[in-house]
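**Q** Work out the full structure: start from the sequences and follow the hints.
Okay, here's what each chain looks like letter by letter:
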Amino acid sequence: MPGEAAELVFDEATKQYAGRSEHAVDHLSLTVPAGEICVLVGPSGGGKTTALKLVNRLISLSSGDIRIDGKSILDFDVTELRRGIGYVIQQVGLFPHMTVEANIGTVPRLYGRSRKWIHTRSQELLELVGLDPSYAKRYPAQLSGGERQRVGLARAIAADPPLMLMDEPFGAIDPIVRARLQDEFLRLQTEVRKTVVFVTHDIDEAIKIGDRIAILRRGGRLAQYDTPTAILERPADDFVAEFVGHDRALKALALHTLAEFDLGPPKKGVHVARSTTVRDALALLIDRHADMLAVTDADGRVVGSLTMDELLA
Amino acid sequence: MNFVLAGGSVIPNFGEGSSCETNNGWFCTEWVRGHWGDTLQPALVQHVELALIAIGIGFVLAFALALSGFRYRLLDPPIGLAADFLYTIPSLALFQLLVPFTGLTRTTVEIALVSYTLLILYRNMIEGLRTVPPDVLEAARGSGYSRAQTFARVELPLALPAVLAGLRIATVSTISIATGAAFVIPQGLGAPIFIALQQNIFKTEIFTAGGLTVAIALIADGLLVLAQRALTPWTRLERQT
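Chains as they are written, first to last, in this note's numbering: chain A, 1 to 313; chain B, 1 to 241.
What the hints contain is simulated information worked out from the structure, not anything from laboratory work. Be a bit skeptical, because a hint or two may be false.
Chain A regions said to be covered by chain B (calculated; three or more residues, Cβ under 8 angstroms) [said to hold, decoys possible]:
{"no.": "1", "stretch": "76-82"}
{"no.": "2", "stretch": "97-111"}
{"no.": "3", "stretch": "187-196"}
Think about it this way: if two alpha-carbon atoms lie no more than 25 angstroms apart in a straight line, the pair counts; the simulated SDA-like pairs of lysine to any residue are [as the list claims (entries may be wrong)]:
{"no.": "4", "chain 1": "A", "residue 1": "K137", "chain 2": "B", "residue 2": "L226"}
{"no.": "5", "chain 1": "A", "residue 1": "K208", "chain 2": "A", "residue 2": "E168"}
{"no.": "6", "chain 1": "A", "residue 1": "K268", "chain 2": "A", "residue 2": "L284"}
{"no.": "7", "chain 1": "A", "residue 1": "K137", "chain 2": "B", "residue 2": "Q149"}
{"no.": "8", "chain 1": "B", "residue 1": "K203", "chain 2": "B", "residue 2": "D76"}
{"no.": "9", "chain 1": "A", "residue 1": "K137", "chain 2": "B", "residue 2": "F151"}
{"no.": "10", "chain 1": "A", "residue 1": "K116", "chain 2": "B", "residue 2": "W234"}
{"no.": "11", "chain 1": "A", "residue 1": "K137", "chain 2": "B", "residue 2": "E155"}
{"no.": "12", "chain 1": "A", "residue 1": "K137", "chain 2": "B", "residue 2": "K203"}
{"no.": "13", "chain 1": "B", "residue 1": "K203", "chain 2": "B", "residue 2": "S19"}
{"no.": "14", "chain 1": "A", "residue 1": "K251", "chain 2": "A", "residue 2": "D291"}
{"no.": "15", "chain 1": "B", "residue 1": "K203", "chain 2": "B", "residue 2": "E21"}
{"no.": "16", "chain 1": "A", "residue 1": "K137", "chain 2": "B", "residue 2": "Q228"}
{"no.": "17", "chain 1": "A", "residue 1": "K208", "chain 2": "A", "residue 2": "G35"}
{"no.": "18", "chain 1": "A", "residue 1": "K267", "chain 2": "A", "residue 2": "A298"}
{"no.": "19", "chain 1": "A", "residue 1": "K137", "chain 2": "A", "residue 2": "L188"}
{"no.": "20", "chain 1": "A", "residue 1": "K137", "chain 2": "B", "residue 2": "T232"}
{"no.": "21", "chain 1": "A", "residue 1": "K116", "chain 2": "A", "residue 2": "D132"}
{"no.": "22", "chain 1": "A", "residue 1": "K137", "chain 2": "A", "residue 2": "R113"}
{"no.": "23", "chain 1": "A", "residue 1": "K137", "chain 2": "B", "residue 2": "E21"}
{"no.": "24", "chain 1": "A", "residue 1": "K137", "chain 2": "B", "residue 2": "L156"}
{"no.": "25", "chain 1": "A", "residue 1": "K268", "chain 2": "A", "residue 2": "L253"}
{"no.": "26", "chain 1": "A", "residue 1": "K71", "chain 2": "A", "residue 2": "L110"}
{"no.": "27", "chain 1": "A", "residue 1": "K137", "chain 2": "B", "residue 2": "S19"}
{"no.": "28", "chain 1": "A", "residue 1": "K208", "chain 2": "A", "residue 2": "L255"}
{"no.": "29", "chain 1": "A", "residue 1": "K208", "chain 2": "A", "residue 2": "D262"}
{"no.": "30", "chain 1": "A", "residue 1": "K116", "chain 2": "B", "residue 2": "A230"}
{"no.": "31", "chain 1": "A", "residue 1": "K137", "chain 2": "B", "residue 2": "V172"}
{"no.": "32", "chain 1": "A", "residue 1": "K137", "chain 2": "B", "residue 2": "R229"}
{"no.": "33", "chain 1": "A", "residue 1": "K137", "chain 2": "B", "residue 2": "P157"}
{"no.": "34", "chain 1": "A", "residue 1": "K137", "chain 2": "B", "residue 2": "T235"}
Keep in mind that this is a model prediction, so the values were computed, not measured. Don't be surprised by glycine CBs; every beta carbon is placed ideally from N, CA and C.
**A** The following block contains the structure:
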């Protein structure tokens, strides 16, 4: 079975459907370094899902190439290729007739893993995705939407694939649960370190999740590929600026936490943890009509202070 | 068998027994007791045989047809139409239509019975296979299932509830229609009913044979419900928290 994260390279990858003048994906070239999350984002018709499905050959390339750790996807046996790539989709697609454990065991079973191995692995994975191990015996019909997507995630990483494809995985989940799943996914990623291609149409999700963001425009052309900070602070053109939104300065604040600041001596003020984002800290100040933050450490002790001016400097 | 259908010979099914029997009462237990061994029990066994063979052959045939109709969509309309057509022929007419070709034989009966199971079984199988949600199929493909693995591990099991639902209907209706076999051969629970109708409409025999037919149908249906529960546990679940 697979292991280590892999580098993923799109090399002039192109998809054009017969009888359509516009490309679905147009000479897309980008490299996702091993262990990083690349978010594909853009308006509908931007070809982001198509680009994703080119990787596991659910859609076939018209021209160009995609390489995983240097090996062209065309040189893999197609089922072999797919078993080595974790795949998560919006509607989850859990097998309704299988228990959670059997669902998680989908790919390991294809690799010939024993029942016992799958049992142990699914217990471990349920824990990892934040579900009680007793869920193993349930059927998908007995789970909530959020729980299903957690199982979908567990299924995708069960065989420890070096690469994960996630197609709007949290798109059908209500905002509160979505935020929690995003946080947990990021925590999970620090533990499992996969190379991830993540599709979303939500720029805020892209900023939160991505190590890098690829913004695609209509016709499947790459508009900009960069880190979230770079995209927010230096959009390549009007299209990108428009797409990330007029509040991009505010969004950029969400990318920094108070831990990055030099704090003043402890003072009276609104208590806020050091791990809080600048955006949330600012929101708190506005809400309390205050302009002084008392920054606390993980144990809740005040370790320093920040004024609103310093925060926005 | 101790009777024949044609030829007008005396059929000693009733008439020399109790007053109930001579008066053709509503239900004569003595008659049932007296004729269980020579009439009712053999008819019951034959009836079950007739139905089982028809359902078995029908199931295999419908499955083969459903596989073709599912794999090659173009085949579905003609197969469906043919099954529809067979289903619309009145059973009595079909039995008689077949006689010139296959004679007064069990084969005639089975051909007719099988043809009535086809429509229900075929339609349910095709529907079951087709209602597998697209996201489930995509997940299967994306996980690296081959075409055959997807069919065996995903499409087929998910079609099972519809297949079993079809099987229940086909089974109950076959058991009922199999009484008509008596028009062709003196077998099955239709035979005593047929005879009783010719013999002054002897009520006890009609009720008993008819009741037995209903009973087998109910038992068969019950067994299939149990099979359904055992084979498709996921269909009866509510979300529990």
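**Q** Evaluate each hint against the coordinates.
**A** Hints and how they fare:
1. 76-82: holds (count 4)
2. 97-111: holds (count 5)
3. 187-196: violated (count 0)
4. A:K137 <-> B:L226: Between K137 (chain A) and L226 (chain B) the Cα gap is close to 21 angstroms, so the pair holds against 25 angstroms.
5. A:K208 <-> A:E168: Given pair K208 (chain A), E168 (chain A) holds - Cα atoms ~14 angstroms apart, limit 25 angstroms.
6. A:K268 <-> A:L284: The given pair, whose Cα atoms are some 15 angstroms apart, holds under the 25 angstroms limit.
7. A:K137 <-> B:Q149: 23 angstroms, holds
8. B:K203 <-> B:D76: Measuring from Cα to Cα gives roughly 46 angstroms; hence the hint is violated.
9. A:K137 <-> B:F151: Roughly 24 angstroms separates the two Cα atoms, so the pair holds.
10. A:K116 <-> B:W234: 22 angstroms, holds
11. A:K137 <-> B:E155: 21 angstroms, holds
12. A:K137 <-> B:K203: Violated: K137 (chain A) and K203 (chain B) sit about 55 angstroms apart, past 25 angstroms.
13. B:K203 <-> B:S19: Holds, at roughly 14 angstroms.
14. A:K251 <-> A:D291: Given pair K251 (chain A), D291 (chain A) holds - Cα atoms ~20 angstroms apart, limit 25 angstroms.
15. B:K203 <-> B:E21: 9 angstroms, holds
16. A:K137 <-> B:Q228: 19 angstroms, holds
17. A:K208 <-> A:G35: 16 angstroms, holds
18. A:K267 <-> A:A298: Within the cut-off at roughly 18 angstroms; holds.
19. A:K137 <-> A:L188: Holds, because 23 angstroms separates the two Cα atoms, which is no more than 25 angstroms.
20. A:K137 <-> B:T232: 15 angstroms, holds
21. A:K116 <-> A:D132: Holds. K116 (chain A) to D132 (chain A) sits at ~19 angstroms (cutoff 25 angstroms).
22. A:K137 <-> A:R113: Holds, at roughly 19 angstroms.
23. A:K137 <-> B:E21: The given pair, whose Cα atoms are some 61 angstroms apart, is violated under the 25 angstroms limit.
24. A:K137 <-> B:L156: 22 angstroms, holds
25. A:K268 <-> A:L253: 24 angstroms, holds
26. A:K71 <-> A:L110: 22 angstroms, holds
27. A:K137 <-> B:S19: Since the Cα atoms of K137 (chain A) and S19 (chain B) sit roughly 64 angstroms apart, the hinted pair is violated (cutoff 25 angstroms).
28. A:K208 <-> A:L255: Roughly 8 angstroms separates the two Cα atoms, so the pair holds.
29. A:K208 <-> A:D262: This hinted pair holds, its Cα atoms lying about 24 angstroms apart.
30. A:K116 <-> B:A230: 23 angstroms, holds
31. A:K137 <-> B:V172: Violated - the C-alpha atoms of V172 (chain B) and K137 (chain A) are around 35 angstroms apart, more than 25 angstroms.
32. A:K137 <-> B:R229: 17 angstroms, holds
33. A:K137 <-> B:P157: The given pair, whose Cα atoms are some 18 angstroms apart, holds under the 25 angstroms limit.
34. A:K137 <-> B:T235: Holds - the C-alpha atoms of T235 (chain B) and K137 (chain A) are around 15 angstroms apart, at most 25 angstroms.
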